[in-house]
Amino acid sequence: MLGNPVLSTSVKDEDEEIEYTTNPELIHEKWGEIAEIVIDGGIGGIEPSTVVDCTSDEPLIVRQGKGVLNL
Numbered sequence: 001m002l003g004n005p006v007l008s009t010s011v012k013d014e015d016e017e018i019e020y021t022t023n024p025e026l027i028h029e030k031w032g033e034i035a036e037i038v039i040d041g042g043i044g045g046i047e048p049s050t051v052v053d054c055t056s057d058e059p060l061i062v063r064q065g066k067g068v069l070n071l
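Residue numbering for the sequence shown follows UniProt numbering, beginning at 1 and increasing consecutively.
It is worth saying that the hints were derived from the structure and are not from the lab. Treat the hints with care, since some could be wrong.
Result set (SDA-like, lysine to any residue): computed pairs, CA atoms no more than 20 Å apart in a straight line [unchecked claim]:
(1) Lys30 <-> Asp53
(2) Lys12 <-> Gly32
(3) Lys12 <-> Gly65
(4) Lys66 <-> Asp53
(5) Lys66 <-> Asn23
(6) Lys12 <-> Gly44
All chains should be modelled from the sequences, with the hints used to inform the complete structure.
The structure is reproduced here in structure tokens:
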């Protein structure tokens, strides 16, 4: 879809109450000058995303998170 690997799917926040910023508008405000692109998929929840390594022939689930993934 993007033609390149995604470097990061979340942003660790320095706020003591919020571990990760999930609002794309706030992400753009805070890190828009150093992020090449911010994709607005809406405000995320508190459940982590699933991370899949697709760099080899067989996809490998690195972290199981939100959603169902059938490989």
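Tested hints:
no., hint, in the structure
1, Lys30 <-> Asp53, "violated (28 Å)"
2, Lys12 <-> Gly32, "holds (14 Å)"
3, Lys12 <-> Gly65, "holds (17 Å)"
4, Lys66 <-> Asp53, "holds (16 Å)"
5, Lys66 <-> Asn23, "holds (17 Å)"
6, Lys12 <-> Gly44, "holds (13 Å)"
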